[in-house]
Each structure stands twice: as structure tokens, then as C-alpha cells.
Amino acid sequence: MAKQGYGFVILIGVLLAVLTVIEYYMALWHFGAALLLLVAALKAILVVYFFMHVSRLWKTEEEH
Amino acid sequence: MAAITTGAHAVAVHHEAHDDYAVQLRRNRLGLWLFFISEAFLFGGLLATRFYLWGNTRPELDQAIGLIVTSVLLLSSVSMRLAETAMEKGNRQLFSIFILLTAFFGLVFLGGVVIFEWGLVPALYKGHLTPWGDKYGAVVFAMTGMHALHVVSGIVFIFIIWNLARKGHFSPQRHWGVESCAIYWHYVDVVWIFFYPALYLIGNAVHLSH
Numbered sequence: 028m029a030k031q032g033y034g035f036v037i038l039i040g041v042l043l044a045v046l047t048v049i050e051y052y053m054a055l056w057h058f059g060a061a062l063l064l065l066v067a068a069l070k071a072i073l074v075v076y077f078f079m080h081v082s083r084l085w086k087t088e089e090e091h
Numbered sequence: 423m424a425a426i427t428t429g430a431h432a433v434a435v436h437h438e439a440h441d442d443y444a445v446q447l448r449r450n451r452l453g454l455w456l457f458f459i460s461e462a463f464l465f466g467g468l469l470a471t472r473f474y475l476w477g478n479t480r481p482e483l484d485q486a487i488g489l490i491v492t493s494v495l496l497l498s499s500v501s502m503r504l505a506e507t508a509m510e511k512g513n514r515q516l517f518s519i520f521i522l523l524t525a526f527f528g529l530v531f532l533g534g535v536v537i538f539e540w541g542l543v544p545a546l547y548k549g550h551l552t553p554w555g556d557k558y559g560a561v562v563f564a565m566t567g568m569h570a571l572h573v574v575s576g577i578v579f580i581f582i583i584w585n586l587a588r589k590g591h592f593s594p595q596r597h598w599g600v601e602s603c604a605i606y607w608h609y610v611d612v613v614w615i616f617f618y619p620a621l622y623l624i625g626n627a628v629h630l631s632h
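Going down the list, the protein sequences come from chains A and B.
Counting from 1, position 35 in the first sequence corresponds to residue 62 in our numbering; the numbering is continuous, with no gaps.
Counting from 1, position 161 in the second sequence corresponds to residue 583 in our numbering; the numbering is continuous, with no gaps.
Please note that a few of the clues may not be correct.
Chain B side only, calculated, beta carbon under 10 Å to chain A, not exhaustive [as the list claims (entries may be wrong)]:
(1) Arg-448
(2) Gln-485
(3) Val-500
(4) Ser-501
(5) Met-502
(6) Arg-503
(7) Leu-504
(8) Glu-506
(9) Ile-605
(10) His-608
Label-pair ranges, simulated between beta-carbon atoms [stated by the list, open to error]:
(11) Leu-84(A) <-> His-550(B): 41 to 47 Å
(12) Ala-486(B) <-> Leu-38(A): 22 to 28 Å
(13) Tyr-52(A) <-> Tyr-547(B): 23 to 29 Å
(14) Lys-86(A) <-> Ile-490(B): 34 to 40 Å
(15) Trp-455(B) <-> Ala-60(A): 24 to 30 Å
(16) Asn-626(B) <-> Leu-65(A): 15 to 21 Å
Not close to chain A: a few residues of chain B, all C-beta gaps over 10 Å, as computed [said to hold, decoys possible]:
(17) Phe-463
(18) Ser-518
(19) Ile-537
(20) His-550
(21) Asn-585
(22) Lys-589
Derived by calculation from the structure, the hints in this document are not laboratory data.
No residue lacks a Cβ here, since even glycine has one placed at the ideal position from N, Cα and C.
Required output: the full structure, derived from the provided sequences and hints.
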């Protein structure tokens, strides 16, 4: 994965915020547990992939 | 001739050191993720306990507080990633600002949990749950307590990394310490991403009077 710039990080942050607000309103409208956990899983995937760099696990060249 | 041989030797040593570091880095990353998998069993067990004991109910917790502390923790994850980006770009000043901001957000999150969820400062907010009161208090304290313990260790980790960076221990090419600290912090955030709906959103609110 190419190095992420500041703007891209902010974009992921905005996406996470939007999903959190959606989650909150879904709970107010009595959506089921499965749907709420699905939104949580989406947020977790964003964090794991873009912030935790899970893909670096199977890369060899990168230094850090 | 001797100079050429010495130069070639130096290049070979450099490549060897580079390879050693790359191999070590892969092992470090794998080790950290294996640690996360073991931690997932701990937090997964707590989540399972919540669904087993509460079913489709939940205690009446302050929704505004839940949303605010969750947002603060998400913000801390963003600032941590920005700190890592700053280190990758070699901007040490920005790195320091963002990593200290992350620690600040972490402390605000902790304050929110201690004051508003646990009610440990009655002068500010009177909580209605106790760890020994009923199944709701027991689960809330177990889940938030274990998570808060990880937040505290994350904040300590952040200050150690900030201090090492201040002393020049990391470079844009080599900063595993920063990367591991950031990944650990994001992991703590991922745990809360699942704890937030489990504690605050899922199920019908039960009014508790103690």
C-alpha cells in the first residue's frame, strides 16, 4: 500500500464519524443487533485495514 | 584495489543489516498480531458474557456520554495515524503534536469512563451502577474496566514512544516503535467499536432503581 497522506487519514476519520452517527440513529430507530454489529464491523475493517496496516503482514520490502 | 574491496564489503554489510532488520520487522509485526488474536479471546469473552446475561436488554446509560466518549476515542485514532504519517514524512514536530494530542484524547476518554460511566466522582456525576449491584453493573464494569486498563497502558506506551522520539530514536525509514504503539492504540479503538453498540445501543433499555 502506498503511504497515506494527511488528507486520506482525515477522510477515513470522517467516514468513521459518519458510520458512528448512522449507528446511533439506527439504535434510536430500533434496528436489530445484527445490523448494528454489521456497522461496527465495517468501522473495524476501516481501522484494521487503513490504520493498523494489516496488509503489511505479508509484505517484505517496507521498512519501519 | 584495497579501497574497492573495503567498499564492496561495506555495501555487503549494509545489505545484510538491512535484510536482518526487514526479517526482524516481519517477526515483530507477526508477534504483535498474534498478541492481538490472544487479546481478542479476552474481549470476545466479555462480549459473549454481555449477550448471554443481558440478552436483548441493556441498562439505561447516558446516550450522549456514550456518543461523546466514542467520538473522542475515534478522534484519538485519527490523531495517532496522523502522528505516524508525520513520522513517515520525517516531520518530528508534527509527530510530537499529534502523538501528545492522542494521549490527551485518551485521557479525556478515561475521564469520561471514570466520571460518567463509573460515577467515581459523585460531585460531578452520580452513577447508578455498581460492580456488585446486578448483572448490568457487573458487565458494564467488567467490560469498561478491562478496556480502560488497555487505554491506560496505551497512554503509558505513547509517552514512552514520545520520549524516545524526542531523543531521536526513530527515523522515517525505521520507526517500528512508533508503528507498534500506533497499532496497539488502534486495536484498543477497535475493541471499543464493538463495545459501544453492545453497551449503549443494542437491546431495550431497562430502568434500574437502586
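### Task
Hints the structure violates: just list their numbers, smallest first.
Violated hints: none at all, because every hint is consistent with the structure.
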